[in-house]
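Peer 1: Residue numbers (this note's numbering), protein chains in the order written: chain X, 1 to 542; chain F, 1 to 381.
Treat the hints loosely; a few may be bogus.
[What the hints assert, rightly or not] For the chain X half of the interface with chain F, some residues (derived, Cβ under 10 Å), not all of them:
#1 Arg176
#2 Ala448
#3 Gly458
#4 Pro466
#5 Ile467
[Unchecked claim] Pairwise CB distance ranges (calculated):
#6 X:Val398 x F:Glu93: 44 to 50 Å
#7 F:Asn18 x X:Leu19: 22 to 28 Å
#8 X:Trp394 x F:Lys128: 47 to 53 Å
#9 X:Thr469 x F:Asp189: 28 to 34 Å
#10 X:Leu19 x F:Val29: 29 to 35 Å
#11 X:Ala461 x F:Asp152: 19 to 25 Å
#12 F:Ile323 x X:Leu279: 46 to 52 Å
#13 F:Gly88 x X:Trp394: 50 to 56 Å
No lab work stands behind these hints, which were simulated from the structure alone.
Here the structure is a predicted model, which is why all the values come from computation and not from measurement.
Beta carbons are placed, not taken as given, at the ideal position from N, Cα and C, and that holds for glycine.
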Amino acid sequence: MIALYNSRSWKLSSYLIALVLIVPVLVMLVGGVSASTQLFVHLWQTVLPSYLENTLLLAFWVVLLALFFGVFSAAIITQTNIVFKQQLRWLLLLPLAMPAYLVAYLYTDLFDYAGPVQRALRGWFDWQSPNDYWFFDIRTLPGAALMLALVLFPYIYMLTRGAFEQQDQNLIRASRLLGLTAKQSFFKVALPLARPAIAVSASLVLMETLADFATVQYFSVNTLTTAIYDTWLGYGDLGAANALASILMLLVLFVVLAEQRSRAGLRHQSARPNLNRELIQLSVSQQFIASIFCWALVILGFLLPLTLLIIMAVQYSDVAQLSVLLSTGVNSLKVSVFAATIAVVIALSLGLYQRLHNDKYRKIPQLISGFGYAVPGTVLAMAMLSTLGPLDHWINGVAEFLGFSAPGLILSGSLFAIVFALVVRFSAIANGTIASGIKQIPQSLDYAPATLGVNLKGSLAKVHLPILTPAILVAWLLVFVEAMKELPAVLLLRPFNFETLSSQIYQLISDEMLEQGALGAILIVLFGLLPIVLLNKSKEKA
Amino acid sequence: MTTLLTTQSATDLPAESNAQLTIQKLSVVLQDKVILSALDLSLNEGDILGLVGASGCGKTTLLNAIAGFSKPTKGKIVVDGHLLSSNGLSDGEHCVPAEQRQVGMIFQDYALFPHLTVKENIAFGISKLSKIEQLEQIEQLLIILKLTDHSDSYIHQLSGGQQQRVAIARALAPKPKLLLLDEPFSNIDARLRNELMVEIRQLLKQFKTTAIFVTHNKDEVFTFADKMAVMAQGRLLQFDAPSIICQQPNSYQVADFLQLGSWLPCQVNAAGAQSLLGKLDIDNRSDKKDSLVYLLVKPANLLLNILDDENTNAKANAQVEYISVTEQGYHYYLSSLDDAATDKSMAFDKLSLYSDIALSLKQQVAVSIKPHDFLFFNNNH
Numbered sequence: 001m002i003a004l005y006n007s008r009s010w011k012l013s014s015y016l017i018a019l020v021l022i023v024p025v026l027v028m029l030v031g032g033v034s035a036s037t038q039l040f041v042h043l044w045q046t047v048l049p050s051y052l053e054n055t056l057l058l059a060f061w062v063v064l065l066a067l068f069f070g071v072f073s074a075a076i077i078t079q080t081n082i083v084f085k086q087q088l089r090w091l092l093l094l095p096l097a098m099p100a101y102l103v104a105y106l107y108t109d110l111f112d113y114a115g116p117v118q119r120a121l122r123g124w125f126d127w128q129s130p131n132d133y134w135f136f137d138i139r140t141l142p143g144a145a146l147m148l149a150l151v152l153f154p155y156i157y158m159l160t161r162g163a164f165e166q167q168d169q170n171l172i173r174a175s176r177l178l179g180l181t182a183k184q185s186f187f188k189v190a191l192p193l194a195r196p197a198i199a200v201s202a203s204l205v206l207m208e209t210l211a212d213f214a215t216v217q218y219f220s221v222n223t224l225t226t227a228i229y230d231t232w233l234g235y236g237d238l239g240a241a242n243a244l245a246s247i248l249m250l251l252v253l254f255v256v257l258a259e260q261r262s263r264a265g266l267r268h269q270s271a272r273p274n275l276n277r278e279l280i281q282l283s284v285s286q287q288f289i290a291s292i293f294c295w296a297l298v299i300l301g302f303l304l305p306l307t308l309l310i311i312m313a314v315q316y317s318d319v320a321q322l323s324v325l326l327s328t329g330v331n332s333l334k335v336s337v338f339a340a341t342i343a344v345v346i347a348l349s350l351g352l353y354q355r356l357h358n359d360k361y362r363k364i365p366q367l368i369s370g371f372g373y374a375v376p377g378t379v380l381a382m383a384m385l386s387t388l389g390p391l392d393h394w395i396n397g398v399a400e401f402l403g404f405s406a407p408g409l410i411l412s413g414s415l416f417a418i419v420f421a422l423v424v425r426f427s428a429i430a431n432g433t434i435a436s437g438i439k440q441i442p443q444s445l446d447y448a449p450a451t452l453g454v455n456l457k458g459s460l461a462k463v464h465l466p467i468l469t470p471a472i473l474v475a476w477l478l479v480f481v482e483a484m485k486e487l488p489a490v491l492l493l494r495p496f497n498f499e500t501l502s503s504q505i506y507q508l509i510s511d512e513m514l515e516q517g518a519l520g521a522i523l524i525v526l527f528g529l530l531p532i533v534l535l536n537k538s539k540e541k542a
Numbered sequence: 001m002t003t004l005l006t007t008q009s010a011t012d013l014p015a016e017s018n019a020q021l022t023i024q025k026l027s028v029v030l031q032d033k034v035i036l037s038a039l040d041l042s043l044n045e046g047d048i049l050g051l052v053g054a055s056g057c058g059k060t061t062l063l064n065a066i067a068g069f070s071k072p073t074k075g076k077i078v079v080d081g082h083l084l085s086s087n088g089l090s091d092g093e094h095c096v097p098a099e100q101r102q103v104g105m106i107f108q109d110y111a112l113f114p115h116l117t118v119k120e121n122i123a124f125g126i127s128k129l130s131k132i133e134q135l136e137q138i139e140q141l142l143i144i145l146k147l148t149d150h151s152d153s154y155i156h157q158l159s160g161g162q163q164q165r166v167a168i169a170r171a172l173a174p175k176p177k178l179l180l181l182d183e184p185f186s187n188i189d190a191r192l193r194n195e196l197m198v199e200i201r202q203l204l205k206q207f208k209t210t211a212i213f214v215t216h217n218k219d220e221v222f223t224f225a226d227k228m229a230v231m232a233q234g235r236l237l238q239f240d241a242p243s244i245i246c247q248q249p250n251s252y253q254v255a256d257f258l259q260l261g262s263w264l265p266c267q268v269n270a271a272g273a274q275s276l277l278g279k280l281d282i283d284n285r286s287d288k289k290d291s292l293v294y295l296l297v298k299p300a301n302l303l304l305n306i307l308d309d310e311n312t313n314a315k316a317n318a319q320v321e322y323i324s325v326t327e328q329g330y331h332y333y334l335s336s337l338d339d340a341a342t343d344k345s346m347a348f349d350k351l352s353l354y355s356d357i358a359l360s361l362k363q364q365v366a367v368s369i370k371p372h373d374f375l376f377f378n379n380n381h
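Looking at chain X on its own, in the form it has when it is part of the complex (with noise of 0.2 Å):
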């Protein structure tokens, strides 16, 4: 059957929000690009080499240390009979919900010289200065990669864990049946079968550590992202900071495209995946190292610093710390509500525009609206002050010449460039997760009403709107935990003395005093909780 409808200004608008979504990263590209070549030159011949080579091995060990953790622990669950499968087949995804920069400060309490390891050690050796024995220093890079592998590994182990538990289970039975053990299968069916996914997942880990700013910046580790909030809130250099966040734009288009590249690869999943599947089973101390692999997993990425912030919580919290929570609470619900309903509105609007319509590029809206999601929250701010920027410019100047005051910064200095920096970031989720429950629409429903006699508009309102309300629903929350959660975009766009709950938490941590925040930490970890219950429960349904 054809589309439906061809309301022209439901089309004139989908593509006029996708544009205007689009347009800053467009306008941060061709400055940074057109950034006189004596720039480059500079940044080359001073800071950028080394920026440039941080991050990449940050990268390389960020990865390779979160396929290590997640493969492996995908692996156990799905493939060996290790004690308590059920329980570690959630807990293994809570790391997920910590911020790595809360990961890394707390380690770098217990640990430090001054930290209770070191001083429990000393104690018990008797060692008197940091000169009698050798401990590891965490506040390096290998140390940032260690932190950002822990809490970034639950992605791999998800996917690959999902990949596993797809798997026709008559390719195992064949490849017994010709004479392979268990274990032979999976390193010559199971794994090369779920490659595709790992690599998709590995893409995803990548992405978040190219855009992570707060665990890098709190270690010294200068990296792309650190560069950029340098050059701009120390230096002011706006056209720098413009080329450094454009060089990062490419790093993360190239993610981009291979993970595209990999998604090919994942339609071969297959069915009957529900056949009983033959376990490894594991002998006394594999059962052992097995188990403490994933415990030591779910325990340092999750359990443990969660406890260390209750405790801090316990000792340390007071009625002042309540009301500054209150209102940098209310700041960051401010912002994630207006960011979560206009994402959540522009979804719909294209997600619909796109089912029910009958325009041949109709997918276009809803591709550009998506590809936010991969620019790191640095660059995306980036964008916004060298758009939002010369446009307020603009403004003031008109305002000037027709005799009114100059309004300031109305948008740029605002909590319009907050917000709009999150719905651009964010919009993909919205988008993902309406566009998924309109396709569990049965095409046949968008055509019923008008047999009925009932046009677009009854048909949107009594029809399509109800039956996606738990998608709408869904929708909104993981955006507006996301906006919760999200920091560097926030830091470089606030306006001045506006502080939300993330920003005032780095705050505290670069002032190394995160006692005073510790309860709106354990906020922001129990919002970070939200979208897994929600993955997880969708999961186990489907």
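We have chain X; now place chain F onto it with these hints.
Peer 2: Okay, now just chain F, sitting in the frame of chain X:
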């Protein structure tokens, strides 16, 4: 009497004045592909038309064009005197939006709204009526369709047959001038299907609803419809009462699609018709030219002759290729013997024979055609 028919398109149907549905010269071209080509069709009030044809022949596109979901490239559609769609003909360009056509549709998957109860589903198309009228109408439909006990259930709580009855109630509630049914029985358990078809047919008759239903299962047409239309490649091949089409298919394609018999190639000339199963006596023909035609052989007209030493007349002329058991005895497919045909075009390979005599695979047999009203067709494919 012998009839010799050739493949031809359906005879042009004159648009009757009291027709509930008139379609003229309807063509649909999608992405340079002709889906419907110059199709004419007319239905009287209360008629139920069964539309059959292989998948991809344009049945569903025809329904979509009538409902307003597919834009005709050319042609005219009139329902109950209202011009719904006109394009490229004398009436100028005109297209009524689907929601204003008063054409109801029952979808293959029923398209019931999952977020509404049975009652709310039925009420969906009559929200413009007053509340009291709505309730009355819903009540009446619930009773007729035996859904009273389920009026507040959600769709997923109903069985397939119940869901279909809801779909019918919902479609009938706005009193459509024409009801379209897209393979309505394909999702129904085979054992329930017949019962349901009879039930729904009675209902449509009770409401005097004009209806078109599409199916790929020709048997459904005989139970459900008053008229039958056979389609192939966007054209209407034959349009008539089902019984007439069965007795007098107008083309090879119609007879072949409806599986009215098996095919025996014959060489026809002034002397008569010659086949690998012997000579067939036919009337003198004016046409003296030799031509290859196909005889439609119904199993009842195929005789099995016993081969034994005494019956020297009977010579083996076919062999068994396939065996199955039916309630009418054994069912065999026969093919011509390899060495018999010098002219390969005369060979046959799937002649249907029913018999109580047990034969074995590859066994050679002698068969002959009973004299009857022979139906010959050209096969232009």
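Peer 1: Confirm or reject each hint.
Peer 2: Going through the hints against the structure:
no.	hint	verdict
1	Arg176	violated (38 Å)
2	Ala448	holds (4 Å)
3	Gly458	holds (8 Å)
4	Pro466	holds (5 Å)
5	Ile467	holds (5 Å)
6	X:Val398 x F:Glu93: 44 to 50 Å	holds (47 Å)
7	F:Asn18 x X:Leu19: 22 to 28 Å	violated (56 Å)
8	X:Trp394 x F:Lys128: 47 to 53 Å	holds (51 Å)
9	X:Thr469 x F:Asp189: 28 to 34 Å	holds (33 Å)
10	X:Leu19 x F:Val29: 29 to 35 Å	holds (34 Å)
11	X:Ala461 x F:Asp152: 19 to 25 Å	holds (22 Å)
12	F:Ile323 x X:Leu279: 46 to 52 Å	holds (49 Å)
13	F:Gly88 x X:Trp394: 50 to 56 Å	holds (52 Å)
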